[in-house]
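Peer 1: Using the sequences provided together with the hints, build the complete structure.
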Amino acid sequence: MSGLWQFFLGLRQRAGVSIGILLVAVVAAAAGTLGPAYDAAARTSILQDGLHDQVPIARAIEATTGGSVIQLASGLATAEAQVLDPHLGGRATASRLFLPPVEAVLGQVPPPKVAEPTGTQVHDVPLASRTGICAHLRLTAGTCPAARDQVLVSAAYATAAHVATGGTIDTGRTGYGTLHVTGEYALPSAAELANDPYWLGAQCDDFSGPCASGANDVNGPSVKTFDALFTPVATFDQAPDTIQGAATVVLALNPDGVRSGDLGNLSAAVGELTNDQTLSSDNISVTSSIPVLTAQVTSDWGSLDVPVLVISLQLLLLAWLLLFLIATDAAEARAPEVALAKLRGYGGVRTVAFGISEPAILLLISFPAGALTGWGLTAGLARVLLRPGTPADLTPLAIGAAALSTLGGLAAVLIAARNTLRRPVTAQWQRTARDATKRGWVLDGILLTGAVAGLAELLAGGNVSSARSGSLGLLVPGLLGLAVAVVASRLLPAACAALFRRTRRHGGTGLFLAVRHIARRPGGTRTTIVLTASFALATFAIAAYFVQQGNIARVAQAQNGAAGVMVVTAPPGQDLATIVGRADPSGTQATVVDRYTGTSDGSQLLAVNPAQWARIAQWAPGFYDGSTAGLAKQLEPFPPSTVVLPARATAVRLTAAGIRNAPPGATATLWMIERGSTSGGQTSVSLGPLRDGTLAAQLSDCPCDITMLSLDSDDVLAKTYSGSVTLSALATQAGSGPWTPVTPGLSRVTGWGAGSEFSEGCQSAGSVSAPDSALAWSWTWGGACSPALNRRDLPSPVPALAATGLTQSTGSTYDTLGLDGQNLATQPIALAAAVPGSPSSGIVVSRAYAQLAADYISSGFAQEEVWTAPGALASVRSKLEAAGVQVASTTTTADIESVLSRQGPALASVLFLAAAAAAALLAGGAAVLALYQAGRRRRLEYAALLAGRVPRRALRASVLIEQAVVLGFGIIAGVVAGIVAAIIVLRNVPEFATPPASPPLVYNPPAVSVAVPLVVVIAVLAAAAIFAALAVIRAARPELLRQGQA
Amino acid sequence: MTIDEARDVPLLEASGLRVERGGRVLFSAIDVTARPGDRIAVTGPSGTGKTSLLSVLAGLGAPAAGSVRRAGVAVTAGRLPDRTSAVLQGFGLVSLLTAAENVEIGLRSAGMPPRAAIAAANEALTDLGLGEHADHLVQELSGGQQQRVAVARALASRPQLLIADEPTAEQDAVTRELVLARMFAVAAGGGAIILATHDPEVSARCDQVVSLARHLPTHA
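Those protein sequences? They're chains L and R, same order as listed.
Numbering follows the working numbering, in which position 83 of the first sequence is assigned residue number 83; successive positions increment by one, without gaps.
Numbering follows the working numbering, in which position 106 of the second sequence is assigned residue number 10106; successive positions increment by one, without gaps.
Hint data in this document are derived by calculation from the structure and do not stem from the laboratory.
Quick reminder that beta carbons are idealized off the backbone N, C-alpha and C, glycines included.
Treat the hints with caution; some may be incorrect.
Said to hold, decoys possible - Residues of chain R placed beyond 10 Å of chain L at every Cβ, according to the derived structure: (1) P10010; (2) G10016; (3) S10028; (4) G10037; (5) G10066; (6) V10073; (7) V10174; (8) L10178; (9) G10190.
Unchecked claim - Per the computed footprint, the stretches of chain L lying under chain R, defined by three or more beta-carbons under 8 Å from a beta-carbon of chain R, are: (10) 505 to 514; (11) 534 to 546; (12) 602 to 612.
Peer 2: Next up, the structure:
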């Protein structure tokens, strides 16, 4: 009890040092805890991000087979489980890792007998069973099929086949017999199909649409597909064994069931499954991207682990160094008691125990306190930075690290106290100081050698100032800071000593005293080492953080293209741009972008409204050097000069005159694009024989853009005809209404050109002129090449903005694929280092040109998007949905920033920032405390000076100058070292799990952003220093001298 | 004013002094008057309040009762009166200054120009046999040398009244004589010296002796 009382008395007597030791020891233990605990939490967050943010196919195993439909899927699932389960460690683990398997069987029944246009290829109707289908479909009529031969049909099928709930479907000779319709279902939304792993593969197998087999073949014939008839698996299991079908089993990972420790086994098991020879020989094909996913997550972990370790070690080393410095002061403060203990006959071990008992007990207290603090910090960081819901556990490794930190602290205390403990009793009370101002070189030598050797190793290893990227570069600021600190701590006393002569002859007493105290205080400038090193780290960390945040913002802006991007599907037959135009009449909040992604070279065509796109797309500095408004004009130098036959037109006519030298039997055909067509493409109407007078044809489904007027002959011409005709008076009629002229129709030559109906193998010859508001067309017609009057509505090649990742030159033609998947010749008129929406592979053209060039055909690889300005996403979305637009997905720039910010390098950067800021504050606090302690030890000297008529203000100035110089010098040296480190090494430090090819990243630290937090920290330290200085001088009172203590 | 006339004006006049410490009366009803040329010794066993009495006389502390007047002016506690120097028991030196700097700082604070202060400091230290130690940090000097630095600092400002607390306690016989000679020179020059000492030889060389006896425990 008395020992404990003595301990508390000692703590009270040496409160400043005791608090310092406790604080630093807590930070050391917290640093030890924080690293592993944060790493574990961040790993979980990265894993969960990796699992949740992937499209379903990236986290699923898809096994397929074919054969007799009887128990085809269940057999496949069993075979799959037999291979997978043992590698995963049993069924229980497999059940935890994966969602319940979705077993699907696919057969076919004949299509309903429906009249289709000639040449249309009508596909069979899929008959499908899918595990738990009724839980995933919305029934619009009837009930879920529960027994063999019962089916659900889609509303579209019901309409097409004229069948309703309660009706039957004859499957002819397929063997399925008659199917009984129990209900109708509504198609899942595009978003459900894209994002719910249940529907993996269903979009193409079960539902009609662009993904359905054959629908994408723009060169093929028209295709008619139907939605699946869903039936219970009993329909297949009880079918004749001669019926063949396909089965698919989809095993999708359950993100919430996967833990960090599962990844190795999971990857190996899936690898075994996909390569299993037995399954292959049984005609079972297994595909999965899970190994890719796990490799990606593991790689991201790797980008986190190394920096976390490096950062934690740096903070730990700094804390130990601080502890050593403070413990040295503490040991000195206790030196007389230690000497007394020796006089009382304490042995060596007992003296050591007595001498370090206070710091040892403080360290013991700091262990749980630090571990809990580190845990709390981890929880705080996890809440702010990591994926919502990520647990922050106090792992055994974290506790062990805290214990190790504490043991390291104990070692630092022992080393710090060794001089005091070994000092002879007589030396303790000698009035003459033992080593006066002499300062050992051993510690400095070790630190400097270590720092320089480390820097040399990093330089030789290519981690600095080279293209190599690696987290070891994070050691540079610490090492550089340390090297600068050691040198600076030697320079400061030397610089002050250089002022001795001057301050002795000039200036006030304050400066006179201050420079001498700084220069001569034994070990005093060691605080400069810690201060400089920690501020180097802090400055670098702040610079790195802001540079990374800036680059994350740049990448997010470039990748998303706009503040908000929706992938949408317009209602059939409606132009998305028109709907968006109604939703945003100003054209400043939303714009349509058609994206074609089916190229083999990875380029992406972005078809845009140039003016709107230039306004709404996100342009960060360095993306594009020119004026975006000017760019918009270059992309669409003139609006497409289409000749449009209006909506509701039912007939078209024109006048032909002066026909000369036409082959016998020549006919005229008018070609056009029906804008309302769901599939786009050209359609034609015959104007009948070519003759002088009015040529007319019936129309439907307009508005239509005229693309061509061709002349045809039933025969291959034996000779060449050079003839001509004058065309005029293009007009349309709606129903029985009056004929309305089409403007500009055939009155101007602009946009019209003489050519041939089919360009392949035919030389176009002929000319067009426009005398007297009519079009005079002359041709040369021979062989099988029919002449045509082509509508040329757009420039060729189409002007484009190209990413520098695609081409480095403007002026030459760049061939890509248009919205129809066909070749589109473009001419880059400008280059962008980063194209918004497709940074390194985007090629941007006018949407109007692209649609015309594609004859309004949209390939299955073309995706319609609506880009929105900041803050406009919600309102635009609601308006679009109200207009019938289906929104499949929405991505905001903030979403991408959030994801990028949760990657390993970004998480490590924040940890570095937090650790370095803590280190800077701690080091600054320790420096202030050390200066305060030194001042307190001098209070009797100050009292004597006061008594000797030295003005109090001079003493105050002396202490303030000392604080300012020591702190200022250390901080400035540290900040400079940090900035230098940032300049030379930031480009080597990874900022992303996978470095983006574009946009170009910026590594210049933003001056203001870096300065503000530093100024705040410095201001806090300055306030503490001033407070401490004033307290020191206030404590110096001449009355102290009366007690004879001086 | 002649010397005789000057002697009529006390350099220091303390009357009815009572000092307490920790509620215990150290001494009471002490009168001290120092006139030009006076050499006054304060003696008494340890703990009788010699240092406290000197502190009160030097203005470094306030008495519980009584008054101290320096050249007719009441002494303000917390500051040495003008033309008064003190050699404190703990010397009151700044450990990280050299011997010369310790002397200079006092002179500079008294308004002496820096160059003159340097010269005066060197002279004072040389007078006390510390010329070759002038540029040594005081914490590198022995206790006796540090004490002489303190004496040099006190003498360098050429005080009219010198108050010294056992100024020869750490001196050998030779340096003791040197120190005493320099200090008594203040009195010889028309000033006065009040010193506390345990050394009977030193007190024997003084004109007056204020002897403090151990008080019975009496609480104020």
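Peer 1: Now, for every hint given, state plainly whether the structure supports it.
Peer 2: Results of checking the hints against the structure:
A cut-off of 10 Å between C-beta atoms confirms that P10010 of chain R is not in contact with chain L; the least separation is 22 Å. A cut-off of 10 Å between C-beta atoms confirms that G10016 of chain R is not in contact with chain L; the least separation is 18 Å. Interface exclusion of S10028 of chain R from chain L stands, the closest Cβ pair being 17 Å apart, more than 10 Å. At roughly 25 Å, the least C-beta separation between G10037 of chain R and chain L is larger than 10 Å, which holds for a residue marked as non-interface.
Against chain L, the non-interface label of G10066 of chain R holds: every CB pair exceeds 10 Å, the least being about 15 Å. Distance check for V10073 of chain R against chain L: the nearest CB is about 16 Å away, which clears 10 Å, and the non-interface claim stands. Once the 10 Å rule is applied to beta carbons, V10174 of chain R is consistent with being away from chain L; the minimum gap is 20 Å. With a cut of 10 Å on Cβ distances, L10178 of chain R stays outside the contact zone with chain L, its closest approach being about 20 Å.
No Cβ of chain L comes within 10 Å of the Cβ of G10190 of chain R; the nearest lies about 22 Å off, and the non-interface call holds. Check result for the segment 505 to 514 of chain L against chain R: holds, 5 residues qualifying (beta carbon to beta carbon below 8 Å, three or more required). Given as covered by chain R, the segment 534 to 546 of chain L fails the check, having 0 residues with a CB less than 8 Å from a CB of that chain where 3 are the minimum. With 0 residues having a Cβ less than 8 Å from any Cβ of chain R, the segment 602 to 612 of chain L misses the three-residue criterion, and the hint is violated.
Hint violations for this structure: numbers 11, 12, all remaining hints satisfied.
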